[in-house]
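Build the full structure now, drawing on both the sequences and the hints.
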Amino acid sequence: MNVTLTVNGETRSAEVPPETTLLVFLREYLNLTGAKTGCDIGDCGACTVILDGKAVNACLMLAAQADGRDVITIEGLATREGLHPLQKVFEETGALQCGFCGPGVILSAKALLDENPAPSKQEIRNALAGNLCRCTGYVKMIDGIQEVAETMRSVPTPALPAASKGEQKHG
Amino acid sequence: MSATGIGASVRRKEDFRFVTGRGQYTADIARPGQAHLYFVRSTHAHAKILRIHAGHASRMPGVIAVLTGEDFAAGKLGSLVCGWLIHSKDGTPMKMAPHPALPVDRVRHVGEPVVAVIAERADQARDAAEAISIDYEELPSVVDPAKAQAPDAPQIHEVAPNNTIYQWQLGDPAATEAAFARAASVTAIDLVNNRLIPNAMETRAAVAEYEPGTEQFTLWNTSQNPHVARLVLSAFVGIAPEHRLRVIAPDVGGGFGSKIFIYPEELVALWAAKTVRRPVKWTSERSEAFVADAHGRDHVTRAELAFDAEGKILGLKVKTIANLGAFMSTFSSSVPTYLYATLLSGQYDIPAIFCEVDAVYTNTVPVDAYRGAGRPEATFVVERLMEVSARRLGVDPAELRRKNFVKNFPHQTPVIMNYDAGDYAASLDKALALADYAGFPQRKREAAGRGKLRGIGLSAYIEACGIAPSQAVGSLGAGVGLWESAEVRVNPTGTVEVLTGSHSHGQGHETTFAQLVSHRLGIPIDNIAVVHGDTDKVQFGMGTYGSRSGAVGMSAISKALDKVETKAKKVAAHLMEASEADIVFEDGKFTVAGTDKAVTFGEVALNAYIAHKFSGAELEPGLKEGAFYDPVNFTFPAGCHVCEVEIDPETGRTDVVNFTAVDDFGNVINPMIVEGQVHGGIVQGIGQALMEACVYDESGQLVTGSYNDYRMPRAGDFPPLVVDTTVTPCPSNPLGIKGCGEAGAIAAPAAVMNAVTDALGTEDIAMPATPLAVWTVLQRQAHREAAE
Amino acid sequence: MKPFTYERPTTPAAAAAAVTRRPDAKFIAGGTNLLDLMKLQIETPGHLVDVQDLRLDTIEATDDGGLRIGARVTNTALASDPRVRRDYGVLARAILAGASGQLRNKATTAGNLLQRTRCPYFYDTYQPCNKRQPGSGCAAIGGYGRPLAVIGGSDACIATHPSDMAVALRLLDARVETVTADGTTRAIPIADFHRLPGDTPHVETALARGELITAVTLPKPLGGTHVYRKVRDRASYAFALVSVAAVIRPDGTGRVALGGVAPKPWRAEAAEAELPSGAKAVADALLAGARPTADNAFKLPLVERTIAAAISDARE
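Residue numbers (numbering that gives the first Met the number 0), protein chains in the order written: chain A, 0 to 170; chain B, 0 to 787; chain C, 0 to 315.
Derived by calculation from the structure, the hints in this document are not laboratory data.
There's no promise every hint is true.
As the list claims (entries may be wrong) - Okay, the calculated beta carbon distance ranges per label pair: (1) A234/B x P116/A: 55 to 65 angstroms; (2) V530/B x P116/A: 51 to 61 angstroms; (3) R314/C x T150/A: 50 to 60 angstroms; (4) G54/B x K1/C: 15 to 25 angstroms; (5) D294/C x P719/B: 54 to 64 angstroms; (6) P133/C x R68/A: 49 to 59 angstroms; (7) E309/B x D283/C: 27 to 37 angstroms; (8) Q778/B x R68/A: 32 to 42 angstroms; (9) D142/A x K311/B: 37 to 47 angstroms.
To be verified - If the Cβ cut is set under 7 angstroms, some of the chain C residues that face chain A in the computed set are: (10) M0; (11) A13; (12) G30; (13) D35; (14) G100; (15) N104; (16) K105; (17) I187; (18) F297; (19) L299.
In this text, a Cβ means the ideal position worked out from N, Cα and C, and glycines have one as well.
Set out below in structure tokens:
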């Protein structure tokens, strides 16, 4: 069947069997391997992408269900102007180690901050409840997300969502 | 300290690709024309294979081949091996059973691969695998190490009567008995060190390719040590000569030990690639990882500690049964022996130690090194004993420790190790201060007012890292040397490539190793690339495990840099027409002592290659040096962790409310990275103590085979961790580094359990202290009180 | 996953007709549970009917002062709706006590009600399970029973219902509205929606084949203090060992429902009369006739303690 959706601001389309998950669609048909296969049943969050503004597990969704909808993957988060503040703070503070869970964690955090620009530590922890990391103990991730929230709040005009800038980029 | 040199919290060079989703892990690699491999795995803990019905599956859509143990046996390939030979106390060698990649007639644990299916697409391979049925004759099984040696226990391998692999001992039994005979008090405890499932977030994967024209194999593999994998696959298994097998470990998503080992799956992938003449890709599903990745720990121990009347330790006796699972994994034999018993002296001056270890086969997944490997088990024994002893003797646990600390270095323990440096009182004092140990009674009273049980526990751990020297480990049975290699390649433009035999899978070597080079050569860190994980690019190396990459891997780089500097000075001498002896190298500049003549590192690099200023008879062109570094001793990181918990008696839930870690890692290259390593280790250690239960039922089925049942620590589970360091530089390597990767996982379990038992007022609880386990203890106490 | 075909109809009746036509068809909403089970081949539908275009994703006030929640309203949307947070706090809290943000963003109201048990033996396709394969036996009975039911089970099945949300809906006396292929609608009281296993543990709800949930309605608000207490093995992301949903009025009367103990959300209206007498009396009445195994007997006193804690929460 044909699946057509918007990925990082671009219209992407492919013929796939109906049983193709969104994760397989992204990784194997669009060659976007930033979303990872960690458990493939929604427990670990390594496959997290943003669908119509909400963080979801790409492994627990059919590509067909995403037909006509808008997806942001980690590859679409940085803009021509540079990294997203979350990417930047994760880099500056060494919040990742092996990096495998990173794309999912960053996108969960982005979805949180898009909805709640002033989360408490506990709200950040809750937002990461669906993301497993075995390396870091989550400490620097949680601190980093809080730091970004504080910085973004102190900037008068919030950054444009990555997707709209992505369109310019791929123009 | 420069901004990018040793001691600076330099931002990690690898992170740009990670935060942008551009990391290239094995599963991200797609080779043109690749086929997919899927395994039919044993559903029985122990059974005879009667017949494999694969005819229908082999005709299913997309199926290219179905391969069984008989096909594999016909290929005349060798067995997987355990590379560390342990001898029993009677002098007999360990009873290592054959471990073919696919079995012919018998399965020995749930999850053992039995049939390999290769198909065009991954889902086709999986569908065909599900269509294969196997007739088994079930055999009785045993999963509990404490029951494996019973006379009526089922025999798992013919070569190992009573399922006993070895009965090993270390220390002086007579001296230890004598110490106990004159003891004023003895503390005895029974401990279980719970089995753990490593669960690196990236599951294992392999992509294998065979080029018939050159008979060359390439294997992309989730490996912590690609050269060792190549060595085993060529020398022991015989899949290809070493020079015709290239192993690449690209970005690897965490290892924690589980990716050291050589497993059946990558071997089958290589063999299948040659058989079907197609690249073959295998990616483990998470459910497979639970039953196919080597597990960790699984010790049952009885330990006794003898004291004199003044509270000084006289002796320690330990008897452990270690479960090695159904087969001996690559380094499994060393974990409960030389990586365990040699650390039983802890931070203490113990005159006599005697340890006996029986290693047994069971019908479970093989058990091998997992973050800490033997040392967490040793620390758990020693530090639980110290805490329990202090409670029984009625003294402050911190003071009992302090009284028994080793204070003079070097210190020879009765169990091989020679501690080179440390200051155990310093880390204890700092930890107690940071944790406000003195204020604990007040906090406990306050918690009691809220109906909560509060407890505090210490863990003054020691570990031995950078396992070495090769000659010493060889005498103890190691099948390999444990040195490390490095090559420093200076390019004509003055940029540098460092080729290291270490492998980074989260440790940040691309940054820390570059910091060393930047520090030494005075060049910007952006001009340095660290190359690792490819046997075609990098000289033979031993890989990364046991917190060895700083102490051993960087020392090798340091040694190569010495040689580069020596050669560069010769070039500089020619350039400036001065005597080599007068050349001084500092801050990236070569100067002639006592003059204002100077050339930069870049100019020297260029001139080394254009070779216009010296003749070939005087000096070889080029600037590239290699080194192999074999340490003179282990390193001994140590420290003190303090855990404070609060238990809700209503539900049995334990919350870690404070956790303080003070570690002495010697000199630190990158404090930011070290801090992250400590955080991760602590959380894994707390996970072991409070959450992670690996449960087999009596029939050998793994009950905890998913994240629903195997509780991994999540972001909501912990308070912020307070992490600090003390420094006594390591005298045994040029950089003074000790190693930091495992400390948290080694120290934390004992600290947590000491806190939990303090809160509960009983020692009678095993790891993991889940809400259920805690609640059960509280119920028992309530019944007892009611009965009184 | 076994191959299947897929369609996205645009009206509820058309969707119901599509599933009614094919015996191997199933509805898919969020898919967070169904796709998981399809990957394990515990569910193997030949045809999927996606309900996302049926416009069942609004929350509206009803004439009698309650709320009608569209079947496809996500758990996130439901828990963050201001009316739900204000008037049905126990429902918002129950939802937020379950799963992860990513799953709640996908999971729907109807799908949550229909999720299958997390009994480990149901998930292990190499073990007998009457729910998965009728007549094959139950490996959980006599097996590792810790997460399983202490009441309401049968000799064929002791699995628990995993939903937190459903416990709150049971407490609130919700009704489940449905439509069939011929356009017939009905409203099923939540008490009758989930079935006890008896001899047919594979039949889990009162829904007929092809009957589509269109909405869940809540009666007008109860008032009182709303509490949801969930006991599990860690702070987040775990199914309940025991959960208690309660609404307590200032005079000490109220309602109590339990999760984690039975094959369906567990409530006994008669037990609620005991609330003024305290947690023990309520627990005893709720759990009269319980048949725990050695592994899960802990749940009985745990229920009592958790009810006590819930009552005390309500007083604070």
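A quick look at each hint next to the structure:
{"no.": "1", "hint": "A234/B x P116/A: 55 to 65 angstroms", "in the structure": "holds, 59 angstroms"}
{"no.": "2", "hint": "V530/B x P116/A: 51 to 61 angstroms", "in the structure": "violated, 42 angstroms"}
{"no.": "3", "hint": "R314/C x T150/A: 50 to 60 angstroms", "in the structure": "violated, 42 angstroms"}
{"no.": "4", "hint": "G54/B x K1/C: 15 to 25 angstroms", "in the structure": "holds, 21 angstroms"}
{"no.": "5", "hint": "D294/C x P719/B: 54 to 64 angstroms", "in the structure": "violated, 36 angstroms"}
{"no.": "6", "hint": "P133/C x R68/A: 49 to 59 angstroms", "in the structure": "violated, 38 angstroms"}
{"no.": "7", "hint": "E309/B x D283/C: 27 to 37 angstroms", "in the structure": "violated, 56 angstroms"}
{"no.": "8", "hint": "Q778/B x R68/A: 32 to 42 angstroms", "in the structure": "violated, 51 angstroms"}
{"no.": "9", "hint": "D142/A x K311/B: 37 to 47 angstroms", "in the structure": "holds, 44 angstroms"}
{"no.": "10", "hint": "M0", "in the structure": "holds, 4 angstroms"}
{"no.": "11", "hint": "A13", "in the structure": "violated, 17 angstroms"}
{"no.": "12", "hint": "G30", "in the structure": "holds, 6 angstroms"}
{"no.": "13", "hint": "D35", "in the structure": "holds, 5 angstroms"}
{"no.": "14", "hint": "G100", "in the structure": "holds, 5 angstroms"}
{"no.": "15", "hint": "N104", "in the structure": "holds, 4 angstroms"}
{"no.": "16", "hint": "K105", "in the structure": "holds, 5 angstroms"}
{"no.": "17", "hint": "I187", "in the structure": "violated, 27 angstroms"}
{"no.": "18", "hint": "F297", "in the structure": "violated, 25 angstroms"}
{"no.": "19", "hint": "L299", "in the structure": "violated, 29 angstroms"}
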